[in-house]
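Chemist: Line by line, the protein sequences give chains A and B. Taken in order, the first sequence gives residues -6 to 332; the numbers are from my numbering. Taken in order, the second sequence gives residues -6 to 332; the numbers are from my numbering.
Errors might be hidden in some of the hints.
[Claimed, not checked] Here are the simulated lysine to aspartate or glutamate pairs, DMTMM-like style, with alpha carbons at most 20 angstroms apart:
id	chain 1	residue 1	chain 2	residue 2
1	A	136	B	271
2	B	164	B	190
3	B	52	A	214
4	B	52	B	253
5	A	164	A	186
6	A	52	B	229
7	A	136	A	277
8	B	52	A	229
9	A	52	B	214
[Unchecked claim] Facing chain B, a subset of chain A residues (Cβ under 8 angstroms, in silico):
id	residue
10	256
11	257
12	260
13	266
14	271
Honestly, the hints are just simulated from the structure, not real lab data. The C-beta atom is built at its ideal place from N, Cα and C for all residues, glycine as well.
Protein chains: 2
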Amino acid sequence: MSAINRQILLASRPKGEPSAENFKLVETPVAPLADGQVLVRHHFLSLDPYMRGRMSDAKSYAAPQPLDQVMIGGTAGEVVESKNPHFKAGDKVVGMGGWQEYAVVDADQRGVLQKVDTTHVPLSAYLGAVGMPGVTGWYGLVKIIAPKAGETVVVSSAAGAVGGAVGQLAKARGCRVVGIAGGPDKCRSVVEELGFDECIDYRQFTDLKAMSGALKAACPDGIDGYFENVGGMLLDAVMLRANAFARIAMCGMIAGYNGEPIPMTLPQLILTNRMKVEGFIVSEHMEAWPEALKELGTLVATGKLKYRETVAQGIANAPEAFFGLLKGKNQGKQLVKLV
Amino acid sequence: MSAINRQILLASRPKGEPSAENFKLVETPVAPLADGQVLVRHHFLSLDPYMRGRMSDAKSYAAPQPLDQVMIGGTAGEVVESKNPHFKAGDKVVGMGGWQEYAVVDADQRGVLQKVDTTHVPLSAYLGAVGMPGVTGWYGLVKIIAPKAGETVVVSSAAGAVGGAVGQLAKARGCRVVGIAGGPDKCRSVVEELGFDECIDYRQFTDLKAMSGALKAACPDGIDGYFENVGGMLLDAVMLRANAFARIAMCGMIAGYNGEPIPMTLPQLILTNRMKVEGFIVSEHMEAWPEALKELGTLVATGKLKYRETVAQGIANAPEAFFGLLKGKNQGKQLVKLV
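In isolation and in its complexed conformation, chain A is listed as follows (with noise of 0.2 angstroms):
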């Protein structure tokens, strides 16, 4: 195999919004494989608020993404060529091969490449409703929320691969689910096709008074449960509508990825509503995967948990699909299509 490899780098990291020229388009040969080792051909790339974080290097959970080496990211594809027993070529496989066309895998480290079963399931949901973002909804919907029949979940980001998953999954158990997204297009899809009760644009309620009396009217019974993607004013509206013994399960906040301030009005509401507020990042927690991606998994391949994908076409746009991801441009979970 001498095919050459298209692979996207770290250029610089960006201050404030990212933007084209923090990113590098470089072509390499594709290297003989060493035993052990397996080619991957990158069908899908997954594209995740969370490299936001990465491009920087202030203190977090994550190491920051290394300059000049290939953005890291979730991918699904082929194996093309093996010196590996337990893959053969033509196996599907999901990874972690980064913004690239080919990735050489050394297959033998536990978890680093996963064959997946693409009879009921199509090869893309294993990046989002059955992969990373479902099990990340999953988890903060049922350990940390941990909602109860009867009670109210609201899911910002509720468009997006993991606001939708949680939306359903507590639908699925019981409660009134409220989404929060941005412009009508999304809040009709999420009403319609992924079934919430309601979805309020939060375009239309630009203040924490607006945005509060809008989840009033949508959450009459109060809010007992809240999967946060978003921050900022978002997160004071909702804690001004929360019940006692209300949970918030701290997914992203990307109301402050760039910097931006985004305090917490009211953090007294958390003693006097004696609430819950947890963050966590779904790869701490690897034991809950084979519970999570089963529920997902059967949900799915029987049509009962609905999904949206936006695709942008070649390595090349990855970029601005991603720029556009920021800015919430995308519909459900955002993919570049390399093949």
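Given chain A, put chain B in place with the hints provided.
Modeler: Chain B in isolation, oriented as in the chain A frame:
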């Protein structure tokens, strides 16, 4: 019995800091007992920060203190007359008798009056280390922070009745314990008498950077657990030094009791540090009281749990003592001695 009962009523609700005019001292004859009732003469009245919240009629977890009625409050005293078979004159009891010298108690109601044994534990301690403040500290530490030996626990209002218990219970569990208190006398007492490893005088560190630096110096391995009685800048400073998976038990936020804004500046740290922040009210966890009181009572009776008391004399001085408590003038448990 035809004693005169001196009582303090809430006369008006404070705007900002409470003042003497919010209270009114009245004299009322003690009514004759009906069947099942007990007349208790109060020896000690407990003053606690939560009372400030009850003086306001803002939405909160508890109903506001009604105007023109006896201020709510825990009391310890002695039965002087009984028409209830379970109590006799001379019994030492604790209850919620309020700011008055005597209380007529319908003692058949479960939980309104408890007999206590003063052989090894002084009566006043049942309002402090072996009472609501002690159990409050126990619950937040044991059930929310759940510290492991070797971890670092920080306690604000460390010289108060709750904070003092938290720190000593954490020391007994093998933790490094750092208090935060106001002034050199309190800090010395917290270290020398209560056995904390260090105590930071917050008056010496008046901005976020300085306080965060002081915490860094006192907690070289970071902060794993924080017992919050204050809020505001202290909470921000602790969060900047929190370790991954740190737990914050929110018990009080006295910095905001008079309506001052106390935003949490960097809520995104809850996410990046995968923290848990949980508010609680100890009266909602009655199932935990027996275990807590058993440990606290044993520790006090054997001299292993130290506590301080600040004692005002006479019912007429209760309001001034309460204002002092809100300003941190007390050390340890603030009581009013009535007999």
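Chemist: Run through the hints listed earlier and report the numbers of any the structure violates, in increasing order.
Modeler: Violated hints: none at all, because every hint is consistent with the structure.
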